[in-house]
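With the sequences and hints as input, model every part of the structure.
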Amino acid sequence: MRQQGLKSLSAPPSPPGADIRTPSSRPSLLLGQTVSGTAARLGARWLRKPVRLGRTVLVAGHRDVEEVLRRDLDFRIAPVNAGRIEEVNGPFILGMDRSDVHARERHALYDALSAVDLSDIMAAAEASAAARIAGVPEGGVIDAVADYARPVAGETARRLFGVSGPDEIVFLDAVRAVFAHTFLNLGGDTAIQGRALRGAALMRTWLVDEIRRRRAAGVTGADLMGALMRQLDLDDDGVRRMLGGMLVGSIDTTASSVARILAVMGRDPRLLALATRDAGDETLTLGWCREALRRWPHNPLVLRQTVAATVLNGVTIPADSKVFAWTQAAMNDAQAFPDPHCLRPDRPARAYLHFGGGLHPCAGRAVNDRQIPVLVANLLRRGVARVGPIAWAGPFPDRLPLTFRTS
Amino acid sequence: MASALVTICAPIDRQALSPARDAIRALGNPAGPTIAAALSTLTEAGEGVHFASLHALASTDPDSPRGSLVLEFSSDGVEAVAIDRLVALIGGPLTAVFARASDWRGGDLGVYLKKHVVRISQGWTGRPGLVFAGTPGLSVGRILDEARLAAAVTPMVGSQEPDIPALQRLEEVRAEIRKLPALSWALTTPASLPRAPASRTAFGLVAPLAVSFARTFLWPLLLPLAVILVGGVVAGLAEAPSWGGPLPAMVWRWATAIWGTLMWGLGVVLVFAVPLVALGVLLFVSLRRQEATDWLDERAPDHRTVRDILAVENQGANNHMVSITTVKPGLTRQLTLRLAFWIIGALAGLSFKPGHLGEIGTIHFARWVALPGTRDLVFFSNYGGSWESYLEDFITHAHAGLTAVWSNCVGFPRTENLFQKGATDGERFKRFARRSMVATPFWFSAYPTLTTANIRTHAAIRVGLAAAMTDQEATTWLALFGSAARPEHKIESNQIQSLVFGGLGFMPHGRLLLIDFAEDTPATRGWLTEILPRIAFDDGRKLTPEAVITLALGPDALRKAGLPRDALETFPIAYLDGMTGPGRSRILGDAPADPENPWWWRADRPYDAAVLVYGKTGRDMQRLARLVADAANDYGHAVARTVPLHKIPRRAADRLEPFGFVDGVSQPVIRGTYRGLRNADPIHLVEPGEFILGYPDNRGNRPPAPTLGALDDPDNRLPLLCDASGGFSEAVIDAPRDIGRNGSFLVIRQLEQDAGGFWRYCEGEARRLIARLGDPYLITRAFIAAKLVGRWPDGSSLARNPYRAFTEAGPLNSSATSRPAGPARAPAAIAAAPPAHLVHDNDFLLGSEDPEGLRCPFGAHIRRANPRDSLEPGSQDQIDISNRHRILRVGRTYVAQRGQKDGLLFMCLNGDLERQFEFVQQTWLGSETFHGLSGERDPLAGDHAGCPQGFTVPTRDGPVRLQPMSRFVTPRGGGYFFLPGRKLLQFLSEGRPRA
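Those protein sequence lines, which keep their order, are chains A and B.
Just so you know, our numbering puts 239 at position 239 of the first sequence, and the rest follows in order with no gaps.
Just so you know, our numbering puts 270 at position 270 of the second sequence, and the rest follows in order with no gaps.
I should point out that these hints are in silico values taken from the structure, not numbers from a laboratory.
For each residue, glycine too, the CB sits at the ideal point set by N, CA and C.
A portion of the hints provided could be inaccurate.
To be verified - Here are the computed distance ranges between Cβ atoms for each label pair:
id : chain 1 : residue 1 : chain 2 : residue 2 : range
1  : B       : H397      : A       : G314      : 23 to 29 Å
2  : B       : P696      : A       : G218      : 53 to 59 Å
3  : A       : L232      : B       : L627      : 30 to 36 Å
4  : B       : P696      : A       : P269      : 45 to 51 Å
5  : A       : E86       : B       : A638      : 54 to 60 Å
6  : A       : D167      : B       : L627      : 55 to 61 Å
7  : A       : E86       : B       : F213      : 48 to 54 Å
8  : B       : S199      : A       : E86       : 39 to 45 Å
9  : B       : G267      : A       : G314      : 29 to 35 Å
10 : B       : A484      : A       : S164      : 51 to 57 Å
11 : A       : P269      : B       : E519      : 44 to 50 Å
12 : B       : G267      : A       : P269      : 57 to 63 Å
13 : B       : E569      : A       : L232      : 33 to 39 Å
Listed below in structure tokens is the structure:
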């Protein structure tokens, strides 16, 4: 079905045969949890101050990373993100530094988010996750990414953002293409850029059509699209930009996080056993997910840029420096995570940096905090015998075979 | 934005000084219009000249044949560009002056000026000196733009409507600014404000100073030292021991060789270090000798020069100062001068606030420069305010640095150890300074009406206008207009319910309504919205309504109002579990399920809300109580219980609790409240955090607070858990919300009092003991009652009045048999000011004044409820410990219903239920072993079942034991409630939280 879907794309962001959807056989070990985890632990242990090499700065301490994220007027996001985000979506708050426009648009988005009742959407995600597992026999195998986390996240995104129309393959592909360029294409690869522009055009059409349809019908709806349409500070293009910006990060963040959590658990039988034991407890499951992600985060680095010389933890950073906030190392810093090598599900939530912080935390973190544990807990409750390895499509986990236990 | 603080010094013959001065004066101080207009020209990037002055200075050495033409200016950008720009702007007039220099050969003025720039350094290269910028990073254009912005915004802020949240005020200003294209730049992303250096430990300060010292002064030694060390190691390797042979022998050979190398290296370092230390000692000794013998110039300033100076001073908000002094002769002063400049410069980078010289923040730009080819040390300063205030600032705030520099010049007041005394001798110092000054013949200021304080405020207004995103930041922003950011300990009175400030005794009529909310969030919010305007906030003295409400909520009420579960769980467990929760009854000595003494209140689950309705008249109170009840009914809620309260008598002396005692005499006083600001007794003065959440407590800590996630406050109205007063350069919008802020925990207990039984017991004991004690004791029932309570019925203390009440003519003290069985008047209230005779009868220390309990027994109620220093007489620590457990009582007496006895609706406020109310109840009042006693509990509040010892009254004639007593006070109900601050109540009523 997946191959059929690929071939059926009429205006695909990824042309047939493009590597973005071609699972690589690259061993996950090399760039995976072992290497990145070891480096992060070493970084957390030894890089007590920011390290500067010319105009490139690496920040590893938890306090320093938090400070980078908090001092948004010194460490700017617009020079990093604005160009690519505006290219594919138009202005979105994740590409804006603090200003009057940012304040208004951020308020509109967060106000709209708070007006959406997530209960039904999460119940649907839970039901979908359960249904996808139910069809797999005892001792059977499920692709925990392609046939589970990504489609469930896609359904949630459609429900939350009000996207209708495109078929699932095209929808997921377009969103992924835009995400790949917006947040991962720091090197400016033109092929990735081209796919993103094609995907963005599709997304724009879907969103604009739906907004027009609702306006014509005089019904805004109870989802995020509806809540945004009711915001006085946003015109329809603003609604489209907000939805586009949110949509881009909503699916692969979830799928990637779930894949990494499962991969970490699959390599650590004791962790898997403990998480399975606690799978009935929503809070503990969230704690285990956060801890597993701490070993192998979906986003180990956050980039910011200075516009004027400034000082961070006694280190002078010149203007126009790229500052890499190494969130994975920060989450192995014993000052914020005592005994960082131990995984404990009861650590304070605010210490985690999986979804950023400061002015620009992930706006969908409330959804992630509910959906990711739901996806993981459903698998754990069923009983996981074996996980992996991950097959990659570019930077994304594309497939992850997960074998259930036999009773 | 870089700043160039350029000083140019050209030689000039003495005879040419006078015409040069005339040429400079022609430029004007303040600068003439043509020059000023030229210098006010800005580049497209807003770069320009901040200040400039020009001088023809005669050397302080009368034998010197030369003087100096000195141009000092402070400009944006780098030095070379700044000089070129200056020449382009006022090259003609400058050429006319510098053409008089003795080495002027014509040609390009820019080249000439660059050649004569004075290179300032604190090390061995360059001329000794120091430069300082008070507005770092701010260009002339930015300063002027931000001043214009502030001028435009100020009237907008001043003309806004009342009763608008701070964030909305800011939004309205933004909306106005959006309509003004000339100011639209102000809404774009601003540059951050300069940051203060992080606070450092002693090591954190000394280590970088040591490195800086080595780099500044010791570098000439480091190269030869390194060469010798490396050479030695290389030579040593040539003689390295062999690797062969038995392992122990080889290890021994290598260890010996390495040890020898280390010792040799240490020896080399010592060879360098010892002479350095010796030089340092010699320098210090030489300095101390000079300090003891140097000549002091105490002469008054030259009057003509002072008049010349005054003629050009004080023409705007800022002034210019130029002082020329002579560096004392000799190597010692050359070295100490450089040392002084180095340490000021190093400390400025490490610990001074940006733009501040120590504590002084009024200087725009200043510099000390040792002029080339002379012993002249010139000080230039462009500062805000008057010369007198400027010098006084130095004398009080930065005398050490000033002394360290200027004490190296001839005539400075006497110093010690380079940094001490000197400028602290203010009058002599000012004479020295004035005497060293000359009038400034030419001076330009790009913003003559703006002080550094103005500039910083304008910068903060600009940043906040674009960057403030929360109500708390907006409040800080509004304070920039003629106010100041609120210090952490300053309480926000208008956000705090009035009950916290006192019992509202001026509203004598009262009623308690206990309400259960329906399981309906909109209905709960609706009811809150309806009664919110009736709730009393702020210090009660300011209340104008005829009747007001105090609203306290139980945990279930917060849930029903829509507070998310995760936020609710951040409240303390004592509050969540309630007074009748698991284990709490045992702590409190309660038995809510005891069929012998049944509770009148529901005991299985707490009521959702306690509404106290107080009114100036009974009718006002009843009307408001009815309104509250009707609103509750309209929204489907239920008034589950009503407790009517006695009217508070007008006369203070009539305000008795049901046993007939004046009560409420000893109360803690919150610092910063009306009472706390007016002669509060230090024994009873406590920090706001002891009772009001969100403020520092007696230990200086801000206790953990109940919180709400930022996502649940999308309008950003709630107080932030983090400190947002330091500016707008950090994003605080994602910080958790402090939903406890300005709230307090309210304990309510309905206590039935057996006044008859109490007095019968006292009378019986008085009769029994009347012959037991002789003079000066007079055994009456009042005496017995006073021993049990610790105060006489008139409120006077046993500690100060051991044998008679202060008002001993009162009916209670006349004889053993004349006292009626109950109180003389209707019980009323304790929540009002005490009678006048008690005002000064509360500053006693039980431990210091009565360490044996001969006056006030250890077990007496007031000694148990607040031991003061009793457990460790005379100890301030013990007073502090006791004050950790104070409660703020705001109770009233209730009206007994059929079958009930009169009693107290005990109410008290706490910051921490467990540390305060429950601790007092369990550890002090309820303990059988309190203060070394055995088998006794509090005579009033205690349950005496199983307490065989009765009550011990220590006397000079041996201990007297009162017989076991029955229970005089029986709890009939109660609960723990939260008294929310205004913002949380508004937030809950507006329905922002997740449903």
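Verification of the hints:
Range check, H397(B) to G314(A): about 26 Å between beta-carbon atoms, so the 23 to 29 Å window is met. In this structure the supplied range 53 to 59 Å holds for P696(B) paired with G218(A), their Cβ-Cβ distance being about 55 Å. Between L232(A) and L627(B) the Cβ separation comes to about 34 Å, which falls inside the hinted range of 30 to 36 Å. Look at P696(B) against P269(A): about 49 Å separates their beta carbons, and that is inside 45 to 51 Å.
Separation of E86(A) from A638(B) is about 56 Å and conforms to the stated range, judged on CB atoms against 54 to 60 Å. The hinted range of 55 to 61 Å is satisfied by D167(A) and L627(B), whose Cβ atoms lie roughly 60 Å apart. In this structure, E86(A) and F213(B) meet the distance hint of 48 to 54 Å, their C-beta atoms being roughly 51 Å apart. Distance hint check: the CB atoms of S199(B) and E86(A) are about 41 Å apart, consistent with the given range 39 to 45 Å.
Checked against the hint of 29 to 35 Å, the C-beta distance between G267(B) and G314(A) comes to roughly 34 Å, which is consistent with it. As the Cβ distance of A484(B) to S164(A) is approximately 55 Å, the hint placing it in 51 to 57 Å holds. For P269(A) paired with E519(B), a C-beta distance near 45 Å keeps the hint of 44 to 50 Å intact. For G267(B) paired with P269(A), a C-beta distance near 60 Å keeps the hint of 57 to 63 Å intact.
Checked against the hint of 33 to 39 Å, the C-beta distance between E569(B) and L232(A) comes to roughly 35 Å, which is consistent with it.
Comparing the model with each earlier hint shows no violations; every hint is respected.
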